[in-house]
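Using the hints, position chain V against chain Y.
Protein chains: 2
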Amino acid sequence: MSLTQLTQRQIDEYHENGFLMLDSLLDSTEVELLRDAFRRDCEVPGPHLVAEQDGSRVRAVYASHHRQREFAALIRDSRVLTPVRQLLTDDVYVYQFKINAKPAFGGEKWAWHQDFLAWRIADGLPAPRQVNIGVYLDAVTEFNGPVIFLPGSHRGGLVREDRAAGARSEQHLDPDDISLTADQLASYADRFGMVSPKGPAGSVVLFSPEIVHGSAPNMSPFPRRLLIATYNDCANLPQGPREPRPEYVVCRDSEPLAPLEGPLSGALTGVSA
Amino acid sequence: MSLTQLTQRQIDEYHENGFLMLDSLLDSTEVELLRDAFRRDCEVPGPHLVAEQDGSRVRAVYASHHRQREFAALIRDSRVLTPVRQLLTDDVYVYQFKINAKPAFGGEKWAWHQDFLAWRIADGLPAPRQVNIGVYLDAVTEFNGPVIFLPGSHRGGLVREDRAAGARSEQHLDPDDISLTADQLASYADRFGMVSPKGPAGSVVLFSPEIVHGSAPNMSPFPRRLLIATYNDCANLPQGPREPRPEYVVCRDSEPLAPLEGPLSGALTGVSA
Numbered sequence: 001m002s003l004t005q006l007t008q009r010q011i012d013e014y015h016e017n018g019f020l021m022l023d024s025l026l027d028s029t030e031v032e033l034l035r036d037a038f039r040r041d042c043e044v045p046g047p048h049l050v051a052e053q054d055g056s057r058v059r060a061v062y063a064s065h066h067r068q069r070e071f072a073a074l075i076r077d078s079r080v081l082t083p084v085r086q087l088l089t090d091d092v093y094v095y096q097f098k099i100n101a102k103p104a105f106g107g108e109k110w111a112w113h114q115d116f117l118a119w120r121i122a123d124g125l126p127a128p129r130q131v132n133i134g135v136y137l138d139a140v141t142e143f144n145g146p147v148i149f150l151p152g153s154h155r156g157g158l159v160r161e162d163r164a165a166g167a168r169s170e171q172h173l174d175p176d177d178i179s180l181t182a183d184q185l186a187s188y189a190d191r192f193g194m195v196s197p198k199g200p201a202g203s204v205v206l207f208s209p210e211i212v213h214g215s216a217p218n219m220s221p222f223p224r225r226l227l228i229a230t231y232n233d234c235a236n237l238p239q240g241p242r243e244p245r246p247e248y249v250v251c252r253d254s255e256p257l258a259p260l261e262g263p264l265s266g267a268l269t270g271v272s273a
Numbered sequence: 001m002s003l004t005q006l007t008q009r010q011i012d013e014y015h016e017n018g019f020l021m022l023d024s025l026l027d028s029t030e031v032e033l034l035r036d037a038f039r040r041d042c043e044v045p046g047p048h049l050v051a052e053q054d055g056s057r058v059r060a061v062y063a064s065h066h067r068q069r070e071f072a073a074l075i076r077d078s079r080v081l082t083p084v085r086q087l088l089t090d091d092v093y094v095y096q097f098k099i100n101a102k103p104a105f106g107g108e109k110w111a112w113h114q115d116f117l118a119w120r121i122a123d124g125l126p127a128p129r130q131v132n133i134g135v136y137l138d139a140v141t142e143f144n145g146p147v148i149f150l151p152g153s154h155r156g157g158l159v160r161e162d163r164a165a166g167a168r169s170e171q172h173l174d175p176d177d178i179s180l181t182a183d184q185l186a187s188y189a190d191r192f193g194m195v196s197p198k199g200p201a202g203s204v205v206l207f208s209p210e211i212v213h214g215s216a217p218n219m220s221p222f223p224r225r226l227l228i229a230t231y232n233d234c235a236n237l238p239q240g241p242r243e244p245r246p247e248y249v250v251c252r253d254s255e256p257l258a259p260l261e262g263p264l265s266g267a268l269t270g271v272s273a
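First to last, the protein sequences are chains Y and V.
Its first residue numbered 1, the first sequence is counted upward by one per residue in full-length UniProt numbering.
Its first residue numbered 1, the second sequence is counted upward by one per residue in full-length UniProt numbering.
Bound conformation, chain Y alone:
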C-alpha cells in the first residue's frame, strides 16, 4: 500500500462525517512555495480576482492552477490525488479551483450552504460526484474564521432545491443565495452538531460536496488563506442547458489526472501550469 493511501478507517470516517482532516500533510517549505505562488497570482489582473465588498482586498482568486505551476503540481500530488481517487473514482479532474483569502479583521462570513446545490444550479452538474480538498495556507484557529461543518449532514442529500429569489450573484453564486433557512439549520445543527477542523498550515481537509458548511469572519489580526480544489468524476461532466460559466470558474479540461509522487518542490520541474 502506498504511503499516500487512506486507511479503510479514514475512508469510513470520511463517508460517516462528510469530511476528513489530514494534519500537516504538506511541510513548511511546501506551504511557503504555495504562499509565494498565491502572492504572484494576486498580481495577475483579470475577472478571476474577486474583491471584498469594500473593494480594497482580495476575497478569492480562481483557477490559479492554470497560471502557477506550484498549484498545477499540488492538484496532481499523490498525497491529495490518491485519497481523492480512493474516495471518488480513478478518473477525476479539477472542476473548480479557488483560494479564499480571508483578510485580517473581517473577511465576510460565508452563509450556511451545500456546494453541490450551487453547482447543480449554475453548471448542470448531474450528480454529487465530487471531493473537495481544503489546503490550509495559514494555520486555522477558532479565531480566524474556520470552516464549520455539520458532520453527517451530507448523508441526507440536498436540503433545499433552488436558489433564493433576487439572487445576489450570477457567476460566483454567492452562498447567501443558496443558504439554508433558519429553521433548516436549527434542525440540522441540533441533529448533527458543529465541528470546525483546526490545524497548522499545510493541513488538508477533504470534504463532501453535500456537507452543510459555513464560516465566520476572521476576528484575528492575521490573514487566513484557504485553497479549495474540487475534483469531479470525469464521467459526471456539467450538462447545463444555459451558457456555461467562464472557464476560470468551471474548468473545461476534464482529462483524468495522474498522481505525481514526491515532494511538491521536486515535482515542479516536471509540471507546467
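It is worth saying that the hints were derived from the structure and are not from the lab.
Keep in mind the model is a prediction, meaning the values are calculated, not measured.
Heads up, the beta-carbon is just placed ideally off N, CA and C, and yes, glycines get one too.
Any given hint could turn out to be false.
Each pair of labels, with its calculated beta carbon distance range [stated by the list, open to error]:
#1 GLU261(V) - SER28(Y): 50 to 60 Å
#2 GLN8(V) - SER187(Y): 44 to 54 Å
#3 ARG35(Y) - GLU247(V): 51 to 61 Å
#4 ALA273(Y) - GLU52(V): 43 to 53 Å
#5 GLY157(Y) - GLU32(V): 34 to 44 Å
#6 GLU32(V) - ASP253(Y): 51 to 61 Å
#7 GLN53(V) - CYS42(Y): 26 to 36 Å
From the derived model, a few chain V residues whose C-beta atoms are all more than 10 Å from chain Y [to be verified]:
#8 LEU22
#9 ASP23
#10 HIS48
#11 LEU88
#12 ARG129
#13 PRO200
#14 VAL249
#15 PRO263
Computed far set for chain V versus chain Y, every beta-carbon distance over 12 Å [as the list claims (entries may be wrong)]:
#16 GLU16
#17 SER28
#18 ARG35
#19 ALA51
#20 ARG69
#21 GLN86
#22 THR89
#23 ILE121
#24 ALA235
#25 SER254
#26 GLY266
This is chain V only, laid out in the frame that chain Y set:
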C-alpha cells in the same frame, strides 16, 4: 474560609491573565430563573432596550437589576460578590449592568477594545478599579460568538487614549469608536495570544476593565445571552465634567453591596429590584 471565596491561586490567575473562569457557578434552575427574568425584562419598553442594527431584535438591555429582583439577587449573591470583593475591595457597587443578547445567525461582532477607556471618556471614571462578571445565560461555544480575551493585555494600561473622530455613538460608546488599530492589535495578539473561555450556561467569567477583548458574530442557529455586571470601587465614583449618562447606563446607587448566602431562588424572598 467561605466556600464562595477564591483561592489564592485563582486570585493570582486573575491578576496574571486579566480574567478567571468559574465553570457552572450557577445551577440550571438558577439559569432558568434568570432567563425568565430576562424575557420579562425585554417586554419593558424604554431607552434601556437597544436593538440590533436591522431593528428587529434586542441587542442589549441595561439595568435589569433595577427592574427584576432575580438580577438584584444575583449581583449580591455571595458566589459572585465575594470573589469580586476579594479582587477589588470590600466596598463595591454595580456601576453598569447589561445583558447582551447575541441572536442566532448574526448578532454583530464587537470590535477589539478595553472597557475602561470607554468609561473614562464617557463618565470620567478616575481609575480602573472595576471587576466585570460575565454570566453565561446560554452555553458559550466557539460557534456562538464567544468573548475573546488577550490574556495579560490588561497589565500594560490603556493602549489608546481617546475615541475615534466621528464616533458613531454618544450614549452607549460603541466599541468601534474606541477599538484598537490593526497594528496595535497585531502586536498585542502576537505578544499575548487569544483565549475565549467556553462553558455551560451558569458559568461566570470575571474579567478586568483593562483587558483587550472582542467577540465574533454568532454563527449558530441558537441565541447567546451574556449578562455583564461591572462592579466599581465605591471610592472611585465617576467625576465627569459633562452631563452624566442616563442612570440605566451608569447606575447612581453607590451604596456598598452586602453578600447574600444561599441559592438564588432562596434569596429572592428577601430582595427587591
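How the hints compare with the structure:
1. GLU261(V) - SER28(Y): 50 to 60 Å: For SER28(Y) against GLU261(V), whose Cβ atoms are near 56 Å apart, the range 50 to 60 Å holds.
2. GLN8(V) - SER187(Y): 44 to 54 Å: 48 Å, holds
3. ARG35(Y) - GLU247(V): 51 to 61 Å: Hint holds: Cβ distance 54 Å, inside 51 to 61 Å.
4. ALA273(Y) - GLU52(V): 43 to 53 Å: Since the Cβ atoms of ALA273(Y) and GLU52(V) sit about 46 Å apart, the hinted range of 43 to 53 Å holds.
5. GLY157(Y) - GLU32(V): 34 to 44 Å: Holds, since GLY157(Y) and GLU32(V) (Cβ atoms, about 38 Å apart) stay within the stated range.
6. GLU32(V) - ASP253(Y): 51 to 61 Å: 60 Å, holds
7. GLN53(V) - CYS42(Y): 26 to 36 Å: 32 Å, holds
8. LEU22: Correct as stated: the minimum Cβ-Cβ distance to chain Y is 21 Å, above 10 Å.
9. ASP23: 18 Å, holds
10. HIS48: 27 Å, holds
11. LEU88: 29 Å, holds
12. ARG129: The assertion about ARG129(V) holds, with a minimum of 29 Å to chain Y.
13. PRO200: For PRO200(V), whose nearest Cβ neighbour in chain Y is about 15 Å away, the distance exceeds 10 Å, so it holds.
14. VAL249: 26 Å, holds
15. PRO263: It holds; PRO263(V) is separated from chain Y by about 30 Å at its closest Cβ, greater than 10 Å.
16. GLU16: Label holds. Min Cβ-Cβ 21 Å, cutoff 12 Å.
17. SER28: Fine: 19 Å to the nearest Cβ keeps SER28(V) off the interface.
18. ARG35: 18 Å, holds
19. ALA51: 18 Å, holds
20. ARG69: 32 Å, holds
21. GLN86: 31 Å, holds
22. THR89: 34 Å, holds
23. ILE121: Check passes; 22 Å lies beyond 12 Å.
24. ALA235: 36 Å, holds
25. SER254: Consistent with the label, SER254(V) stays out of reach of chain Y, its closest Cβ about 35 Å off (over 12 Å).
26. GLY266: 34 Å, holds
Violation of the numbered hints given earlier is absent; every hint is satisfied by the structure.
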